[in-house]
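Participant: If you want the building blocks of each chain, they are given just below.
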Amino acid sequence: MSTASEKLRASAAEALACGRVSLVLGWRKKDFWWQSPVAFVEAAAEAEQLSFDPFSVYNPVKYLLEATECHEKVGVFVKGCDSRGINRLLQDKRLEREQVLIFGLPCSGKADPAKIRAVFPAQKIREVAQEGEELLVRLTDGQERVAAADFLLEKCLTCRHPNPVVFDELLWEPVPVRAGVDVSRFARVNSVAQKEILERYTYWARQFDRCIRCFACRNTCPACNCRSCIFDQAEPRWLGKASDLADTMNYQIIRAFHVAGRCFECGECERICPAGIPLQEMNRRLIMDIDKYFGPYEAGLDAGDSPPLGTYRGEDPAGFDES
Amino acid sequence: MKKIAKTKLQELWRCLSAEGALYLPVRSDSVVDFALWQEDVPADLETLNTFLPPKKFYYPQTETVLKYEFGENLQLLDASSQAGEKTILFGVRPCDTAALSLMDKVYLSEPVDEAYRRRRENTVIIALGCREPEETCFCQTFDIDPGKAPGADLLAIDTGTELVVTAQSLKGEELLVALNGVLQEATSGDEIRVKDVQEQAGEGYLTRVSVHGLAEKLDTCFASPYWDRLYRRCIACGTCTYLCPTCHCFDLQEYAAGHSGERVRCWDACMFTDFTQMAGGHNPRPTQKERVRQRFMHKLNYFPRQHGGEYACVGCGRCVRQCPVNLDILEVIREMGGAVDGQ
Numbered sequence: 001m002s003t004a005s006e007k008l009r010a011s012a013a014e015a016l017a018c019g020r021v022s023l024v025l026g027w028r029k030k031d032f033w034w035q036s037p038v039a040f041v042e043a044a045a046e047a048e049q050l051s052f053d054p055f056s057v058y059n060p061v062k063y064l065l066e067a068t069e070c071h072e073k074v075g076v077f078v079k080g081c082d083s084r085g086i087n088r089l090l091q092d093k094r095l096e097r098e099q100v101l102i103f104g105l106p107c108s109g110k111a112d113p114a115k116i117r118a119v120f121p122a123q124k125i126r127e128v129a130q131e132g133e134e135l136l137v138r139l140t141d142g143q144e145r146v147a148a149a150d151f152l153l154e155k156c157l158t159c160r161h162p163n164p165v166v167f168d169e170l171l172w173e174p175v176p177v178r179a180g181v182d183v184s185r186f187a188r189v190n191s192v193a194q195k196e197i198l199e200r201y202t203y204w205a206r207q208f209d210r211c212i213r214c215f216a217c218r219n220t221c222p223a224c225n226c227r228s229c230i231f232d233q234a235e236p237r238w239l240g241k242a243s244d245l246a247d248t249m250n251y252q253i254i255r256a257f258h259v260a261g262r263c264f265e266c267g268e269c270e271r272i273c274p275a276g277i278p279l280q281e282m283n284r285r286l287i288m289d290i291d292k293y294f295g296p297y298e299a300g301l302d303a304g305d306s307p308p309l310g311t312y313r314g315e316d317p318a319g320f321d322e323s
Numbered sequence: 324m325k326k327i328a329k330t331k332l333q334e335l336w337r338c339l340s341a342e343g344a345l346y347l348p349v350r351s352d353s354v355v356d357f358a359l360w361q362e363d364v365p366a367d368l369e370t371l372n373t374f375l376p377p378k379k380f381y382y383p384q385t386e387t388v389l390k391y392e393f394g395e396n397l398q399l400l401d402a403s404s405q406a407g408e409k410t411i412l413f414g415v416r417p418c419d420t421a422a423l424s425l426m427d428k429v430y431l432s433e434p435v436d437e438a439y440r441r442r443r444e445n446t447v448i449i450a451l452g453c454r455e456p457e458e459t460c461f462c463q464t465f466d467i468d469p470g471k472a473p474g475a476d477l478l479a480i481d482t483g484t485e486l487v488v489t490a491q492s493l494k495g496e497e498l499l500v501a502l503n504g505v506l507q508e509a510t511s512g513d514e515i516r517v518k519d520v521q522e523q524a525g526e527g528y529l530t531r532v533s534v535h536g537l538a539e540k541l542d543t544c545f546a547s548p549y550w551d552r553l554y555r556r557c558i559a560c561g562t563c564t565y566l567c568p569t570c571h572c573f574d575l576q577e578y579a580a581g582h583s584g585e586r587v588r589c590w591d592a593c594m595f596t597d598f599t600q601m602a603g604g605h606n607p608r609p610t611q612k613e614r615v616r617q618r619f620m621h622k623l624n625y626f627p628r629q630h631g632g633e634y635a636c637v638g639c640g641r642c643v644r645q646c647p648v649n650l651d652i653l654e655v656i657r658e659m660g661g662a663v664d665g666q
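As given, the protein sequences belong to chains Y and L, one line each in that order.
Using the working numbering, the first residue of the first sequence is number 1, and each one after it goes up by one.
Using the working numbering, the first residue of the second sequence is number 324, and each one after it goes up by one.
Please note: incorrect hints may appear among the correct ones.
Here are the in silico distance ranges between beta carbons for each label pair [claimed, not checked]: (1) L:C572 to Y:E69: 21 to 31 Å; (2) Y:Q123 to L:D352: 41 to 51 Å; (3) L:E433 to Y:M288: 27 to 37 Å; (4) L:D367 to Y:N250: 26 to 36 Å; (5) Y:L65 to L:S351: 29 to 39 Å; (6) L:Q629 to Y:N190: 27 to 37 Å; (7) L:D352 to Y:N190: 15 to 25 Å.
Taking lysine to any residue and the SDA-like style, the derived pairs with C-alpha atoms no more than 20 Å apart in a straight line are [what the hints assert, rightly or not]: (8) Y:K30 to L:R531; (9) Y:K30 to L:L553; (10) L:K612 to Y:H71; (11) Y:K115 to L:R531.
No wet-lab data here; the hints were simulated from the structure.
All residues carry an ideal CB built from backbone N, CA and C; glycine is no exception.
Work the whole structure out from these sequences, hints included.
Facilitator: Right, dumping it as structure tokens:
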């Protein structure tokens, strides 16, 4: 078992044993090598199940909304991306800082099961473990080591903040930011932006046409933290239930605008979308525009800052660029 | 029994598309799903699970069931003609084929759902046997043979360089006649190869669970504290239900403007907050706990109780692979006492 997992277990067990928190959110392993769901640990003895492996990806922060309703204080393990979600909830006044004990986990990126399956036959994989900068792939007939950097999730390839930006304890040393992320961060947006307007419409229409309105993107997003969502409202019904492209665009574009200036780029919406819709391209397009019109801004870095679309300044430009 | 070389499938599809609207698994961006055949778009016959199960062809995500117009009197307009197109589904996997027979129990029992029945009648299913299960496949749990698809009109088996096709219904036999020009007679050697592939398909399952006695066991589990723990991870999205080949719940919506309107049937998901929201504001399933319990109890207890012991799951594994928080039916079967064997 990796030392990272051991550190998570020790920290959780200690915090639960001495009563600092009554619940800790981390990750555990499940049946398959690529499954590392969020674990709800309520007793020191249960901390043994915690694990931090190449698939401990799911952002546990949204669970804090419900967890803090029945627990006075909740411990939560966060990677860089997850930690910005905490600032999101703090800034949106959906969480108080003293309600959470934050264990920070510097993270050099998580693995994409699809990339691993493309190289190794999935039926043969038993376990994929992180060992330094390598992934150790245990197969039914032996094992192989590969460079972890070659198997990173798309969202990790463009991550600017691998180290938690808010925490009470950091479990290990910070890690360096990947080279070239400033370019890769907007690479896909730029390639879409280069398309002619009709081609761009066709592209997005094709993407949204696959949307089944499962709402996984919204439900996982810590920036989507409204107590009641307009798209769930039955009377009046703002969003038709019929699978209609215009309504899907209505949902997706309004959601993107609602999280504009608040999206902290964890990329979970895109990663978990069962229809493979490149949602981050929309979010990052809006981030680009905000950078351009209101000055560089990254959401979720500081719960005390003034979000550009939540702040009025006299010198703000009045209109949108027609181009 | 007939056969065709895999290099000549384009010819087969061209002929099939002359017989009806032909849909087969096609990759678009990162997703493989059933799409209308186009001459120059390659089909994907390797991927086992399409993004959406073929249930959408019988039970579309959105369907107008009624149109009306207010004049001097209220006029009801027939909206049922849309279900008439002859459709051919190529490459439906055995699990998804089995799911349709479960769906039939709901929509073809009295009162029969006419639009569904018409679509069923007008569709020919050409199933494609599986050669090797994926890691998330567990169709065997429900006695589904991955090399066979008894509910299909035609069964195609990939023997390596050829597809060997067998008719399994009158519709299938008629279609085989229409395809005479492109198909060859299969030999006794092909028959042996088909049997080999079918036998092999059933081996190599990584995921083995048993549902023996589970429905009975769940009779007493409605109030189990198990659900209190299970639901917390659920984010209340509709991925599991919408991707499930057997989930079949819907909502009726009214689209009205001016003097006319439509009543539309849309997929709905028991995971959503508003699924059981009453007009007066009361919600009999007030938290996600009741909703998560509902889904699994429906699949593993209520459905078998209502439909002769058959579970409303075919082990396709879509929910196992796609649930964003890894909360799936395998876990529930294991933890609620289905016998475990293997992994």
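Participant: Decide, hint by hint, whether the structure agrees.
Facilitator: Do the hints match the structure? See the list:
1. L:C572 to Y:E69: 21 to 31 Å: Holds: the Cβ-Cβ distance is about 29 Å, inside 21 to 31 Å.
2. Y:Q123 to L:D352: 41 to 51 Å: violated (26 Å)
3. L:E433 to Y:M288: 27 to 37 Å: violated (58 Å)
4. L:D367 to Y:N250: 26 to 36 Å: About 31 Å separates the Cβ atoms of D367 of chain L and N250 of chain Y, which means 26 to 36 Å holds.
5. Y:L65 to L:S351: 29 to 39 Å: With a Cβ separation near 35 Å, L65 of chain Y and S351 of chain L satisfy 29 to 39 Å, so the hint holds.
6. L:Q629 to Y:N190: 27 to 37 Å: violated (55 Å)
7. L:D352 to Y:N190: 15 to 25 Å: holds (18 Å)
8. Y:K30 to L:R531: holds (15 Å)
9. Y:K30 to L:L553: holds (13 Å)
10. L:K612 to Y:H71: Answer holds: K612 of chain L to H71 of chain Y is near 18 Å, not above 20 Å.
11. Y:K115 to L:R531: Violated. K115 of chain Y to R531 of chain L sits at ~26 Å, over the 20 Å cutoff.
Violation of the numbered hints given earlier is confined to hints 2, 3, 6 and 11; the remaining hints are satisfied by the structure.
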